[in-house]
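Q: All chains, please: the whole structure from these sequences, using the hints.
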Amino acid sequence: MKKELIRLVDCTMAFDGEIVLNAINLTIHNKEFLTLLGPSGCGKTTTLRIIGGFETPTSGSVLFDGVRINEVPPHKRRVNTVFQKYALFPHLNVFENVAFGLRIPQSVPVTEGGKTRQKKVRLQEAEIGQRVQDALELVGLKGYHRRRVHQLSGGQQQRVAIARAIVNRPQVLLLDEPLGALDLKLRKEMQHELKEIQQQVGITFVYVTHDQEEALTMSDTVVVMNQGNIQQIGTPVDIYNEPVNAFVADFIGESNIIQGVMHRDNDVSFAGKRFLCVDSGFDPDQPVDVVIRPEDVRLTAPKDGQLRGTVNSVTFKGVFYEIYVDVGELEWMVHSTAAPKVGDEVGLCLTPEDIHVMDRPDLFPEGAEALTIEDIDPEPDFEDKYVDEEPPEAEL
Amino acid sequence: MKKRGGLLAAPYTVWMALFTVIPMLLVVYFAFTGEDGRFTFGNFSQLLGYGAVFGRSFWLAALATVVCLAVGYPLAYAMSRETGAVRNTAMLLLMLPMWINILLRTYAWMSILENKGLLNQLLSFLRLPPVRIINTPAAVALGMVYNYLPFMVLPILTVIQKIDGSVIEAAQDLGGSQFTVFKRVILPLSLPGVLSGVTMVFVPGVSTFIISQLLGGGKSMMLGDLIEMQFLGSTYNPYLGSAISLVMMVIVLISMAVMNRFGEGEEEVMVL
Ligand SMILES: Nc1ncnc2c1ncn2[C@@H]1O[C@H](COP(=O)(O)OP(=O)(O)O)[C@@H](O)[C@H]1O
Ligand SMILES: [Mg+2]
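Protein chains in written order, with this note's numbering: chain A, 1 to 396; chain B, 1001 to 1272.
Derived by calculation from the structure, the hints in this document are not laboratory data. C-beta atoms are modelled at their ideal positions from N, C-alpha and C, and glycine is treated no differently. Among the clues, some could well be false.
Claimed, not checked - Mimicking EDC-like on lysine to aspartate or glutamate, the simulated pairs with C-alpha atoms at most 20 Å apart in a straight line are:
no., chain 1, residue 1, chain 2, residue 2
1, A, Lys85, B, Glu1082
2, A, Lys76, B, Glu1169
3, A, Lys85, B, Asp1036
4, B, Lys1183, A, Asp285
5, A, Lys273, A, Asp285
Unchecked claim - Here are the simulated distance ranges between beta carbons:
no., chain 1, residue 1, chain 2, residue 2, range
6, B, Tyr1012, A, Thr217, 56 to 64 Å
7, B, Met1024, A, Glu193, 56 to 64 Å
8, A, His150, B, Gln1046, 48 to 56 Å
9, A, His150, B, Val1071, 29 to 37 Å
10, A, Val108, B, Trp1099, 51 to 59 Å
11, A, Gly143, B, Gly1051, 50 to 58 Å
A: Structure (structure tokens):
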């Protein structure tokens, strides 16, 4: 197991008494590519800003290497951010934008006569030049150092923002929807390049996106969030194949979500039929969500199907056809390489492995709004354990 | 489309022609005309006798500008960091004097600065020696700073407020302390505001009048007073008045051009 680098412990964030992060717990490991994934407004940016030091959680702790850093200001954290809208310095050219962090004197411990003290050290101009050139080369902007930033395209500005952050060799790079403003083709290219950069420089990436495909292709770990809560943490494969609830299933890839009843282990009914399934461990006759991926449904002749329906629409998607089938009260989405005709009667077949039974979470339980800041213990007792002997002055 | 735009601008064009271009041409015409109605350079040679007034005007305007900048920049910066009631109150206090007639304001300063005025009463109450400030250039400079301060603060405040908050956060993120962020991001990005503030104080500052008469006594005559005298005063001489105005305008234009160049140079240096 990789070394733990950052940990959020019961982090709650409230703005004007309204909770936007609800006691989240999250561990980020060294050199990991971790993605926060969720719909707009779920609290991804807020989580990132807490790690970057721009927000202090209302309650809970932020630990860096085991040291509590809630009160450490952003400029003393060994964390750099690629902001959602790049936030380049408009008065500086590309070179000076990238060199910004390098020109700030760093305090390093020096030992003189047996005593260790902090000393401010400035980098030599030659070294700054070298590191800026290296960073620009890494992001594919060699030769652009004299350009003004407003002369660059969106994709190039994005690269400058990345170079400006990684040139400081932070332990962690925070990226807030960095590719959001780019067109599809450029976004795909940059996804690839970012992943390569991350592996090349070997630093931890905490990446925010609302694009599930981006999350799945780039990450080591995906954290699915909704409404200020973490829904699931896992590898892309786990999240896709074993979503813990209908929200995750729906958000990650496309799914048919059908309400059903789990009678007992391996026995579920939905769409008016009983099915054999591989899930177990539910209460008897518990209401559940049944999740079925469109590519898992097999279309057959009407008489061979477990369910029957009428084809409502067929759309060619390149590798497959996206087919909507009217099955009684619900329209199912099916992906198939064969194309039936609209109005055809078809049968739908499922194997037990295709049926994913999930607890139906109360995402919005009655009285959810009633949870206010008063309900949160501002001084949870774990805090003391993590307070380092050193005052939080200690730079990270 | 283009025609329509031209039509819309017509009232302004007429206004400009009537009240800006024609008076300017008149000033130029008068400046090169003698009392006998003939073309002459004579008005300009007379100017040499008023070198001291020119010197004082530019010197006091520059001094007032520097003081306004020194006081106004920190004030604008502090105001930009406030929100809500504090900011609104500060804004109100800054603007309030501008709503009072300039004569009244200046008379108020007279009664403060007089030898037996409020200031000296306060000093004697504190058992400090009195100051003689009324009828000195210092009093004029003070009056000018008081009058022109809002014109320095407002453009700077506007520009600082427009700085993108995420750019400031980016600077902090890259390791910049509050001082570094100010020095390397906020200050350079606010220079355009400084430039227009300086212009808006210096240019009217040079042609200040009344303030200098009321607070400076007879000894601190400025160009504005001199010009007024040529047109309205005892020494009626619009030809000389025009020549003074013209020369003053040219010097102001040159100073502004130099300063703009300097401002751009600053930016270039920053960019390097
Ligand atoms: N400074 C703030 N003041 C008040 N509400 C905020 C602030 N920042 C974020 N929020 C609210 O917190 C919620 C989560 O926001 P955010 O973390 O930006 O979501 P995401 O990045 O996932 O889209 C939103 O409802 C947003 O309106
Ligand atoms: Mg966001």
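Q: Taking each numbered hint in turn, which are not upheld by the structure, reported in ascending numerical order?
A: 1, 3 and 4
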